[in-house]
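A.B. asks: Sequence:
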Amino acid sequence: MNYKRVRGKKAYEEVAETLIELIKAGDLKPGDKLESVEKLAKSFDVGTSTIREALSGLRTMGLVVARHGEGTFVNNFDPSKFQLPVNIAFLMKIEDIKELYKVREILELGTVAQAAAVHEEEDLLALEKALIVMENASGNEELASSADLDFHLAIANATHNKLLINLMSSVSSLISETIQETRKVFLYSGNTVEDLKVEHRRIFEAIKNRQPNEASEAMLEHLQNVQSRLFTYIE
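Following the UniProt record's numbering, the residues of the sequence shown are numbered contiguously, the last one being 235.
Worth flagging that the hints you see were computed from the coordinates, not collected in a lab. Each hint should be verified, as a subset may be incorrect.
[Unchecked claim] Only pairs whose alpha carbons sit at most 16 Å apart, straight line, appear in this in silico EDC-like list of lysine to aspartate or glutamate:
{"id": "1", "residue 1": "Lys197", "residue 2": "Glu221"}
{"id": "2", "residue 1": "Lys129", "residue 2": "Glu205"}
{"id": "3", "residue 1": "Lys197", "residue 2": "Glu141"}
{"id": "4", "residue 1": "Lys10", "residue 2": "Asp96"}
{"id": "5", "residue 1": "Lys208", "residue 2": "Asp123"}
{"id": "6", "residue 1": "Lys33", "residue 2": "Glu70"}
{"id": "7", "residue 1": "Lys129", "residue 2": "Asp150"}
{"id": "8", "residue 1": "Lys197", "residue 2": "Glu135"}
{"id": "9", "residue 1": "Lys197", "residue 2": "Asp150"}
{"id": "10", "residue 1": "Lys208", "residue 2": "Glu128"}
{"id": "11", "residue 1": "Lys162", "residue 2": "Asp123"}
[What the hints assert, rightly or not] Here are the computed distance ranges between Cβ atoms for each label pair:
{"id": "12", "residue 1": "Gly110", "residue 2": "Phe73", "range": "37 to 47 Å"}
{"id": "13", "residue 1": "Glu142", "residue 2": "Arg229", "range": "17 to 27 Å"}
{"id": "14", "residue 1": "Glu121", "residue 2": "Lys10", "range": "41 to 51 Å"}
{"id": "15", "residue 1": "Lys10", "residue 2": "Glu120", "range": "42 to 52 Å"}
{"id": "16", "residue 1": "Leu124", "residue 2": "Lys42", "range": "47 to 57 Å"}
{"id": "17", "residue 1": "Pro30", "residue 2": "Leu220", "range": "20 to 30 Å"}
{"id": "18", "residue 1": "Phe231", "residue 2": "Ser36", "range": "18 to 28 Å"}
{"id": "19", "residue 1": "Ser36", "residue 2": "Leu124", "range": "27 to 37 Å"}
{"id": "20", "residue 1": "Glu221", "residue 2": "Glu95", "range": "16 to 26 Å"}
{"id": "21", "residue 1": "Gly110", "residue 2": "Lys24", "range": "42 to 52 Å"}
{"id": "22", "residue 1": "Asp45", "residue 2": "Leu220", "range": "34 to 44 Å"}
{"id": "23", "residue 1": "Arg229", "residue 2": "Ser172", "range": "15 to 25 Å"}
In this text, a Cβ means the ideal position worked out from N, Cα and C, and glycines have one as well.
Using the sequences and the hints, build the whole thing.
C.D. replies: Below you can see the structure in the form of structure tokens.
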């Protein structure tokens, strides 16, 4: 397939826009396999990092899906209903994701420690509800991702600190995107989502037992693990 060559500071957005137009026009159909990163880079006359950023954005938008060891494929969806602006998806390019995880690390380690120290019984109920949904959502990653986010937001709520709760809420949409991508990586890389369940359960138990240090350690381990696996996959 012939692609137009791109130039400019945001070449990855131009690459993505071109691929989106091909998908919407039906030139790239659901189930079609995209060319390799190297071939796409040559066709667009850009670096491979530009192609990876473009594909990362398309995955965030749900337009393509990566299958470990097989490649990247056009996802099943109705092209006529696609309206998401490209620039919204690219709020989550690789460097942004790295910065977001650093923000999460700074914010959530203190949050979980505070939650462990001051939570009330009703907070544990909200946490456990999200945890149970997550653990029982086998095969339904949309539900699991939603419960995953609910769990992290419930930790913030358990601090009863309005400013902290607002801070977590303000980045919740970005956190949601990385949670979804992380869960996809676990599925496509052969890692089991059981690892995620164990990590969340450990965080919950530390909060329940009022162990701030253990809660922070469990959260740090969780964030570092998912960050490592996610970046290994998308970089």
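A.B. asks: Does each hint hold? Answer for all of them.
C.D. replies: Checked hints:
no.	hint	in the structure
1	Lys197 with Glu221	holds, 13 Å
2	Lys129 with Glu205	holds, 13 Å
3	Lys197 with Glu141	holds, 13 Å
4	Lys10 with Asp96	holds, 14 Å
5	Lys208 with Asp123	holds, 9 Å
6	Lys33 with Glu70	holds, 9 Å
7	Lys129 with Asp150	holds, 9 Å
8	Lys197 with Glu135	holds, 6 Å
9	Lys197 with Asp150	holds, 14 Å
10	Lys208 with Glu128	holds, 10 Å
11	Lys162 with Asp123	holds, 15 Å
12	Gly110 with Phe73: 37 to 47 Å	holds, 41 Å
13	Glu142 with Arg229: 17 to 27 Å	holds, 20 Å
14	Glu121 with Lys10: 41 to 51 Å	holds, 50 Å
15	Lys10 with Glu120: 42 to 52 Å	holds, 47 Å
16	Leu124 with Lys42: 47 to 57 Å	holds, 55 Å
17	Pro30 with Leu220: 20 to 30 Å	violated, 40 Å
18	Phe231 with Ser36: 18 to 28 Å	holds, 20 Å
19	Ser36 with Leu124: 27 to 37 Å	violated, 49 Å
20	Glu221 with Glu95: 16 to 26 Å	holds, 24 Å
21	Gly110 with Lys24: 42 to 52 Å	holds, 44 Å
22	Asp45 with Leu220: 34 to 44 Å	holds, 42 Å
23	Arg229 with Ser172: 15 to 25 Å	holds, 22 Å
When the structure is compared with the earlier hints, violations turn up for hints 17 and 19 and for no others.
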